[in-house]
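Peer 1: What follows is the residue order along each chain.
There are 2 protein chains.
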Amino acid sequence: MQENKAVKPELVGGTRDMLPADAFAQQFVFSTIQRVYESFGFVPLDTPCMERRNVLTGDDPNFNKSIFSVRVVRGTENKDESLSLLGDDDVALRFDLTVSLARVVVAYPELPKPFKRYQYGKVFRGEQPQAGRFREFYQFDFDIIGSRSILADTEVVQVMYETMKALGVPGFVIRFNTRKVLNGLAQACGCVGKSKEVFRIIDKFDKIGLDGVLGELKRKPANRFDESAVSMDEAGLELVTRFLGIKPEKSSEVLAGVKEVLGGKSEFADEGIRELQEICQGLSFLGIPEDFWRVDLSVARGLDYYTGPVFETYLSDLPELGSVFSGGRFDGLANRFMPDSNIAGVGASVGIDRLIVGMRKLGLLGTNESRTKVLVTVFGKEMEKYSLSFSGRLRQAGVDTEIYLGDGYTLRAQMAYAAKKGIPYVVIIGPDESSSGKVQLKDMTARKQQLFTQEECIDILK
Amino acid sequence: MQENKAVKPELVGGTRDMLPADAFAQQFVFSTIQRVYESFGFVPLDTPCMERRNVLTGDDPNFNKSIFSVRVVRGTENKDESLSLLGDDDVALRFDLTVSLARVVVAYPELPKPFKRYQYGKVFRGEQPQAGRFREFYQFDFDIIGSRSILADTEVVQVMYETMKALGVPGFVIRFNTRKVLNGLAQACGCVGKSKEVFRIIDKFDKIGLDGVLGELKRKPANRFDESAVSMDEAGLELVTRFLGIKPEKSSEVLAGVKEVLGGKSEFADEGIRELQEICQGLSFLGIPEDFWRVDLSVARGLDYYTGPVFETYLSDLPELGSVFSGGRFDGLANRFMPDSNIAGVGASVGIDRLIVGMRKLGLLGTNESRTKVLVTVFGKEMEKYSLSFSGRLRQAGVDTEIYLGDGYTLRAQMAYAAKKGIPYVVIIGPDESSSGKVQLKDMTARKQQLFTQEECIDILK
Chain A
1 MQENKAVKPE
11 LVGGTRDMLP
21 ADAFAQQFVF
31 STIQRVYESF
41 GFVPLDTPCM
51 ERRNVLTGDD
61 PNFNKSIFSV
71 RVVRGTENKD
81 ESLSLLGDDD
91 VALRFDLTVS
101 LARVVVAYPE
111 LPKPFKRYQY
121 GKVFRGEQPQ
131 AGRFREFYQF
141 DFDIIGSRSI
151 LADTEVVQVM
161 YETMKALGVP
171 GFVIRFNTRK
181 VLNGLAQACG
191 CVGKSKEVFR
201 IIDKFDKIGL
211 DGVLGELKRK
221 PANRFDESAV
231 SMDEAGLELV
241 TRFLGIKPEK
251 SSEVLAGVKE
261 VLGGKSEFAD
271 EGIRELQEIC
281 QGLSFLGIPE
291 DFWRVDLSVA
301 RGLDYYTGPV
311 FETYLSDLPE
321 LGSVFSGGRF
331 DGLANRFMPD
341 SNIAGVGASV
351 GIDRLIVGMR
361 KLGLLGTNES
371 RTKVLVTVFG
381 KEMEKYSLSF
391 SGRLRQAGVD
401 TEIYLGDGYT
411 LRAQMAYAAK
421 KGIPYVVIIG
431 PDESSSGKVQ
441 LKDMTARKQQ
451 LFTQEECIDI
461 LK
Chain B
1001 MQENKAVKPE
1011 LVGGTRDMLP
1021 ADAFAQQFVF
1031 STIQRVYESF
1041 GFVPLDTPCM
1051 ERRNVLTGDD
1061 PNFNKSIFSV
1071 RVVRGTENKD
1081 ESLSLLGDDD
1091 VALRFDLTVS
1101 LARVVVAYPE
1111 LPKPFKRYQY
1121 GKVFRGEQPQ
1131 AGRFREFYQF
1141 DFDIIGSRSI
1151 LADTEVVQVM
1161 YETMKALGVP
1171 GFVIRFNTRK
1181 VLNGLAQACG
1191 CVGKSKEVFR
1201 IIDKFDKIGL
1211 DGVLGELKRK
1221 PANRFDESAV
1231 SMDEAGLELV
1241 TRFLGIKPEK
1251 SSEVLAGVKE
1261 VLGGKSEFAD
1271 EGIRELQEIC
1281 QGLSFLGIPE
1291 DFWRVDLSVA
1301 RGLDYYTGPV
1311 FETYLSDLPE
1321 LGSVFSGGRF
1331 DGLANRFMPD
1341 SNIAGVGASV
1351 GIDRLIVGMR
1361 KLGLLGTNES
1371 RTKVLVTVFG
1381 KEMEKYSLSF
1391 SGRLRQAGVD
1401 TEIYLGDGYT
1411 LRAQMAYAAK
1421 KGIPYVVIIG
1431 PDESSSGKVQ
1441 LKDMTARKQQ
1451 LFTQEECIDI
1461 LK
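From first to last, the protein sequence lines are chains A and B. Using my numbering, read the first sequence as starting at 1 and increasing by one per residue. Using my numbering, read the second sequence as starting at 1001 and increasing by one per residue.
Honestly, I wouldn't trust all of these hints.
Taking CB as the label site, the calculated pair distances span [claimed, not checked]:
1. A:G363 / B:N1342: 38 to 48 Å
2. A:P431 / B:K1259: 25 to 35 Å
3. B:R1412 / A:A166: 27 to 37 Å
4. A:D17 / B:N1064: 19 to 29 Å
It is worth saying that the hints were derived from the structure and are not from the lab. Where is the CB? At the ideal position from N, CA and C, for every residue including glycine.
So that you can see chain A by itself, here it is in the shape it has in the complex (with noise of 0.2 Å):
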């Protein structure tokens, strides 16, 4: 190979790489969720990072994300090969796994049904990179496909509650609210029509306060192009006024107050009073503490793509992180491959790269940088039999054994070496050990070194 100029070793920008005590971390929160995720019967699905483009976009016009689309190159020409090596599709890398989800859903009608399924899995947003946010990342998705019955929004909470348990998170709080409850809203107030308009208004309550809220709510359009005008009346602006002062107290009483401000008002308000009553219901009788749940209003998450019950996680100690752990539940799934089959779903995403910056702020993750008991040390080329066998009975005993491989035998670097990959003891076979059978074992933490027996120390590494 020609080498002459040297290449910068770069990544491309909004990637990133994880080295390896944030990759061992990434593994451990994987691991634990995934025991969580089938201990419940979710099965796991694994599909192309490539899919064609017609896929991903369901051919929607209005769809204006940026994505990575693909072709065929050959080495470092520019000359492009798509056509030959990629026939007719038009292929791009996948900004989400429910795409993918609801390409399989259709295309294997066999799949036991409902269909609980979690997948983890790289995604691609083509935006500029912001901090904190990049362009190829981890998501780590459950749902329950097939399935309009409450439960499925029940076990939901449920499995978000026993996720944040098993990963050791003390505090946290799962808050729902549904989406049929804030349409309820827009309809008790005459605006079903602009319940998205409603919706948005009501949503920046936090930054300009209720009187903001009346006031653009009630704004008449500026001309017959001014789509965005709500044009509320004083009954509707009355209704807002009292939803909008529900305490976000305890559950019960958070639903006693959207019962009396929209109870009978509309057909949708009574359905998401009763859903979000039964979540509750089902909580309880799954025993599960109200301390870690809560009905609250505030909770919205894109509305344009739920229709239901909305689940989102906040860890107690860090609300200022966000959501670690959001969902909800959605409609038509799979409309853009069978029109009008309206498949339901509902489920959840792990925001995974959040919640470890969480779980490292709160101390829950460890900083291992290997999982290593004991390096046996080399003394020199003649004493490597030593070291092997004895490393071989090691690990026989199953005990997590490294030998040094490193070219050199002073014993300063492997020390060295166990030190910064954090191995917590370490074998010496010199001379003198070898011929009595016996090996020098140190103790990393304590800074202790002590002769033992072969059988011994074994049994102390054990």
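Following the hints, position chain B against chain A.
Peer 2: For chain B alone, coordinates are given in the frame of chain A:
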């Protein structure tokens, strides 16, 4: 969303879905191997699928693989946003994990050396897909970077051995060789400048036989542009004849044979013989039974790339499958980033797809579709609370429990769901059971159903 015309739920050619049964098998294989890698002190690394194209190609004009280049596009438009969003980055998808490893080794000099890392991830190949060859698939590599010690080569065989054992594969053989012996043969034959041609011809031994090989080796150039002619002389041809006559018997006999044919005739060969001897000795010291490994002079593996020992692993009952776990020693890993740095490495990669095919054929992989132990059925809306409470109790007892989430309550559908997912137990709580505090437990394998108290049922399932 406008979704009038149905999009076909199709995959990109050369990619595939891994449905739950396959994804389960893959995860079992992955986590078993991961456990072995980590027990040797290999640490995880995760790098992006998207890399700069010059990182991947090394700006090498001879690089002629077909790769996937990546551009940013917006939505369904064909306008290319690359220039504004990717800046000067010319981006492509990685075709292996080794280039990223090299980039990481150079970019993060603080990593402990020798750097022992494993990585599991998708790689992408632009070639025309064929049966069993995909354009997007997983690789699962482990490598030891920064060690020239033969202990590192020995450890590669040891890791392969322990991996196959951990996977429960009863019969397998790890065959190894070293490029140095083959270089030595070329040198001893006076054809060191034509090593590649010599190997290429010798590699055809199984197909064209000894006479064919000798015929091609002695061929003289047809004209002055014919660089493939080796023009080996009679002495050389005799050496090749004797070399190819070494019987593939016990490792010690093969080594003795090589020594007899090439010993003292080439420094390459002498070094190679010493390497192979040391690996064999090391494996004996480690206590790895000789049934599972063998020096095999026919192992050649992409000799352009490897510079020392090369390794292959065959399933004894399925040799036709080819090697399921292969690797070798390479030099100059990071030379494209640091010319003349000549960082050494040795490692191997599991052919995870092929291995799974083999393990399935040998009946070593289950066909499980779910990890659920028991399905708690729901008798009707008003009985949900009993099913929820009992499922909560089962989960608290550590039993992997699903509650049926389908939209109806027919027992038939619920039983069919359990059967389809391979769930071994089903709990039924009807009005009689709920009032008596009892449950029906059906053993799906034995097809037996019996009434128990809730406590008894929990004890049975625990």
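Peer 1: All hints are to be evaluated individually against the structure, with a verdict given for each.
Peer 2: Taking the hints in turn, this is what the structure says about them:
Range check, G363 (chain A) to N1342 (chain B): about 42 Å between beta-carbon atoms, so the 38 to 48 Å window is met. With their beta carbons about 30 Å apart, P431 (chain A) and K1259 (chain B) fall inside the hinted range of 25 to 35 Å. The beta-carbon spacing between R1412 (chain B) and A166 (chain A), approximately 34 Å, falls within the hinted interval of 27 to 37 Å. Checking the proposed 19 to 29 Å range against D17 (chain A) and N1064 (chain B) shows it holds: the Cβ atoms sit about 27 Å from each other.
In summary, this structure violates none of the numbered hints.
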